[in-house]
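Enquirer: Following the working numbering, the numbering of the sequence shown begins with 97 at its first residue and continues without gaps.
If you're looking for bench data, these hints aren't it; they were derived computationally from the structure. Just so we're clear, the structure is a prediction, and the values are computed from it rather than from any experiment. Treat the hints with caution; some may be incorrect.
Unchecked claim - Restricting the straight-line Cα-Cα distance to at most 30 Å, the calculated cross-link-like pairs of lysine-lysine (DSS-like) are:
id: 1; residue 1: Lys184; residue 2: Lys126
id: 2; residue 1: Lys178; residue 2: Lys126
id: 3; residue 1: Lys126; residue 2: Lys168
id: 4; residue 1: Lys184; residue 2: Lys168
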Amino acid sequence: MDDLEAQNTAKPDLDAVPVDLLELVEGYLKLSGCGRTYFGRLACGNSRLVDRLRNGETVTERTGQRVRDYIKTQTPIVKARKEAAFLKERRARLRSAFAEVIENGRGK
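Assemble the whole structure, with the sequences as input and the hints as a guide.
Expert: As structure tokens, this is what we get:
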């Protein structure tokens with residue numbers, strides 16, 4: 097078996113994965129609900145990014161920085177959207193409760 101065949105059949109070296117980047121990406125995916133391929137396209141133009149990281153493959157320093165920058169700029173937006181959705185749902189529940197009170201005449 098030559099060197100090229102050995103490289104192609106070798107298992108991925110999980111120690112080579114920048115764990116902090118993978119953890120950062122996994123945390124963002126969980127927070128945002130974003131799909132892995134969509135995230136990769138948005139963050140660095142590579143829909144296979146998350147799969148590559150999960151498989152132990154490395155990324156260039158430039159790609160890693162692009163991903164970090166993307167997450168840094170998008171996380172506040174994601175949090176704000178989740179909070180807005182929560183508040184919207186809460187307002188709807190309150191309106192429904194008030195409408196029921198008024199309709200049943202309990203508010204008199």
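Enquirer: Going straight from one Cα to the other, do Lys184 and Lys126 come out at no more than 30 Å?
Expert: Holds, because 21 Å separates the two Cα atoms, which is no more than 30 Å.
Enquirer: Starting from Lys184, check that the Cα of Lys168 is at most 30 Å away, please.
Expert: holds, 25 Å
Enquirer: Would the pair Lys178 and Lys126 pass a check requiring their Cα atoms to be no farther apart than 30 Å?
Expert: Holds - the C-alpha atoms of Lys126 and Lys178 are around 12 Å apart, at most 30 Å.
Enquirer: Would the pair Lys126 and Lys168 pass a check requiring their Cα atoms to be no farther apart than 30 Å?
Expert: Measuring from Cα to Cα gives roughly 15 Å; hence the hint holds.
Violated hints for the displayed structure: none, as all numbered hints are satisfied.
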